[in-house]
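Visitor: The listed protein sequences correspond, in order, to chains A, B, C, D, E, F and G. With my numbering as the guide, the letters of the first sequence map in order to residues 713 to 802. With my numbering as the guide, the letters of the second sequence map in order to residues 713 to 802. With my numbering as the guide, the letters of the third sequence map in order to residues 713 to 802. With my numbering as the guide, the letters of the fourth sequence map in order to residues 713 to 802. With my numbering as the guide, the letters of the fifth sequence map in order to residues 713 to 802. With my numbering as the guide, the letters of the sixth sequence map in order to residues 713 to 802. With my numbering as the guide, the letters of the seventh sequence map in order to residues 713 to 802.
No lab work stands behind these hints, which were simulated from the structure alone. Any given hint might turn out to be false.
[Stated by the list, open to error] A short, non-exhaustive set of chain F residues, derived as facing chain A with CB atoms under 7 Å:
1) Val-739
2) Ser-743
3) Ser-746
4) Glu-747
5) Val-749
6) Glu-764
7) Ile-797
8) Ala-799
9) Ile-800
[Stated by the list, open to error] List time: in silico BS3-like cross-link candidates among lysine-lysine, alpha-carbon distance up to 27 Å:
10) G:Lys-788 with E:Lys-726
11) D:Lys-762 with C:Lys-720
12) A:Lys-788 with F:Lys-726
13) B:Lys-762 with A:Lys-766
14) A:Lys-762 with F:Lys-720
15) D:Lys-793 with E:Lys-793
16) D:Lys-762 with D:Lys-748
17) E:Lys-766 with D:Lys-762
18) D:Lys-726 with E:Lys-793
19) D:Lys-766 with E:Lys-762
20) E:Lys-766 with D:Lys-716
21) C:Lys-726 with B:Lys-720
Just so you know, even glycine gets a beta-carbon here, dropped at the ideal spot from N, CA and C.
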Amino acid sequence: MAIKPLGKRVLVKKLDPEEKKSAGGIVLPDSAKSEKVVRAEVVAVGTDEKLEVKVGDQIIISDSFSNTEVIEGEEKYLLVKESEILAIVE
Amino acid sequence: MAIKPLGKRVLVKKLDPEEKKSAGGIVLPDSAKSEKVVRAEVVAVGTDEKLEVKVGDQIIISDSFSNTEVIEGEEKYLLVKESEILAIVE
Amino acid sequence: MAIKPLGKRVLVKKLDPEEKKSAGGIVLPDSAKSEKVVRAEVVAVGTDEKLEVKVGDQIIISDSFSNTEVIEGEEKYLLVKESEILAIVE
Amino acid sequence: MAIKPLGKRVLVKKLDPEEKKSAGGIVLPDSAKSEKVVRAEVVAVGTDEKLEVKVGDQIIISDSFSNTEVIEGEEKYLLVKESEILAIVE
Amino acid sequence: MAIKPLGKRVLVKKLDPEEKKSAGGIVLPDSAKSEKVVRAEVVAVGTDEKLEVKVGDQIIISDSFSNTEVIEGEEKYLLVKESEILAIVE
Amino acid sequence: MAIKPLGKRVLVKKLDPEEKKSAGGIVLPDSAKSEKVVRAEVVAVGTDEKLEVKVGDQIIISDSFSNTEVIEGEEKYLLVKESEILAIVE
Amino acid sequence: MAIKPLGKRVLVKKLDPEEKKSAGGIVLPDSAKSEKVVRAEVVAVGTDEKLEVKVGDQIIISDSFSNTEVIEGEEKYLLVKESEILAIVE
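With the hints as extra help, turn the sequences into a complete structure.
Guide: Right, here's the structure in full:
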């Protein structure tokens, strides 16, 4: 991967709905009563040594305005702050 | 449980009203004069070592917008920040 | 008491006006010029070791929106943050 | 005094205008260009060891909304945060 | 001086325009593009040991709403937070 | 370069779209759902020793209002806070 | 110079457009997309020992509302917080 996130940021790839369902059968419903979240996989981690996720982790992230879309070749990625990561799906 | 919360977050399952009453006879009335709260049980705890709750604890949490709904199989869960936990019901 | 407050929270029982007057003859007038306060008795203390009140203390608290009402059996309680406690009545 | 302020709070008694004038001849004019202040005497100090005033000090305080009125017997008092105390009148 | 400021506050006396001009020929123009400032002389300093001004210093202060007017005898003073002091005029 | 940024600031030169595509084939799409970002090259670094980028690094930065345009001779530069740098493109 | 800035403030003299161009050929264009900046020369530095500029430095500063205009004799100066200094022009 040619992109190296800085500090507490990670680069992730969103998982599409099909993949979402297969991965442990977990669904993230849209709800007017809670924050919107999406499933993603970690592709590159930032320079901060205390990051709690590693490349390959499947994670649940907030669908935050601070997430930044990056396209490399055919693939879409998101640059995401660690504070937007809610959980790892094991 | 396939979901591992990060940092100071916990994964909980809301208790339904029937269960609520049986557990120690505690009722959490809705009130225009105070924050809305719900009863829940801790299903998984985050990576932070200083969390004050453990799996199985029955707790009272704020019904906060920052709580995030997650569905696994037939079950609904909430990802909740520790700061939203008000008390443990023993 | 079946409810264990977390961190810097305490569980209190409001004192009714009759009890208020008898306890040292102290009155807390409503005033448009200052915050509203109420008298209460500490029923359970949180897990933080530096709390300055103990079970049985009669205290003056802000009538804050962040206070949360809890009913156990016939009794009404409030979950209150320590920062809302203004004074102990000795 | 039956009231023990917590933390960085003090219990004070407002001085009436007559007393204000006699105490060192100091006047605190109302002004649209500055915060409103009042003269008071410290009656009880909080549990914080670093408080800079002691019982008996005559002080100048902000007439802040966060001040809380308390009546004991015939006397009116104010519970005041130390940050609202501007100066000691010696 | 009968007034002892607390913490990082100082008591100052505003210099009138005549005095302003004579002291080093410095003028503080009113400007819509910058904060309003006034010249003053330090009369008493607060209890904080790290204050950077001393009694007798001529200073430039912000004409802030947080400044509080105090009258003793014939003289008007201002109670001013150190953060409102911009410079010393030597 | 005649401009030495202070603290955690860096001086960068924006890369034009042609250069953007050639550098690793990375595209930064505009999106109403995320912050706007641009590609740039670091020309000078600030005085803070903990900066994570060096002269010559190709980076992705937020197109922030706090970025300041500077022209030297024929060239346009931006003064950018390190917090606006999202990633290094290797 | 008769004015000694306090803390992290510096006293500067704005450079006029003619001087701006000659000094290294640097131009600071007005832009609706970025903060407004001006060129200036440091005339006096504050009492804080960690200031990164010294008397005589040519600097780029934000044209901030918190800058305060001071006139001494025929000359106009600005009192500026260090955080408003973006870069040194060498």
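Visitor: Hint by hint, note whether the structure agrees.
Guide: For each hint, the structure was consulted:
1. Val-739: Result: holds, 4 Å to nearest chain A Cβ.
2. Ser-743: holds, 5 Å
3. Ser-746: holds, 5 Å
4. Glu-747: holds, 5 Å
5. Val-749: holds, 5 Å
6. Glu-764: holds, 5 Å
7. Ile-797: holds, 6 Å
8. Ala-799: holds, 5 Å
9. Ile-800: This interface hint holds because 5 Å falls under the 7 Å limit.
10. G:Lys-788 with E:Lys-726: holds, 22 Å
11. D:Lys-762 with C:Lys-720: holds, 21 Å
12. A:Lys-788 with F:Lys-726: Holds: Lys-788 of chain A and Lys-726 of chain F sit about 22 Å apart, inside 27 Å.
13. B:Lys-762 with A:Lys-766: With Cα atoms ~22 Å apart, Lys-762 of chain B and Lys-766 of chain A stay inside 27 Å; holds.
14. A:Lys-762 with F:Lys-720: OK: Lys-762 of chain A and Lys-720 of chain F at ~21 Å, within 27 Å.
15. D:Lys-793 with E:Lys-793: holds, 17 Å
16. D:Lys-762 with D:Lys-748: holds, 26 Å
17. E:Lys-766 with D:Lys-762: Holds, at roughly 24 Å.
18. D:Lys-726 with E:Lys-793: holds, 23 Å
19. D:Lys-766 with E:Lys-762: With a Cα-Cα distance of about 22 Å, the restraint between Lys-766 of chain D and Lys-762 of chain E holds, given a limit of 27 Å.
20. E:Lys-766 with D:Lys-716: Between Lys-766 of chain E and Lys-716 of chain D the Cα gap is close to 36 Å, so the pair fails against 27 Å, i.e. violated.
21. C:Lys-726 with B:Lys-720: Status violated; Cα separation ~32 Å.
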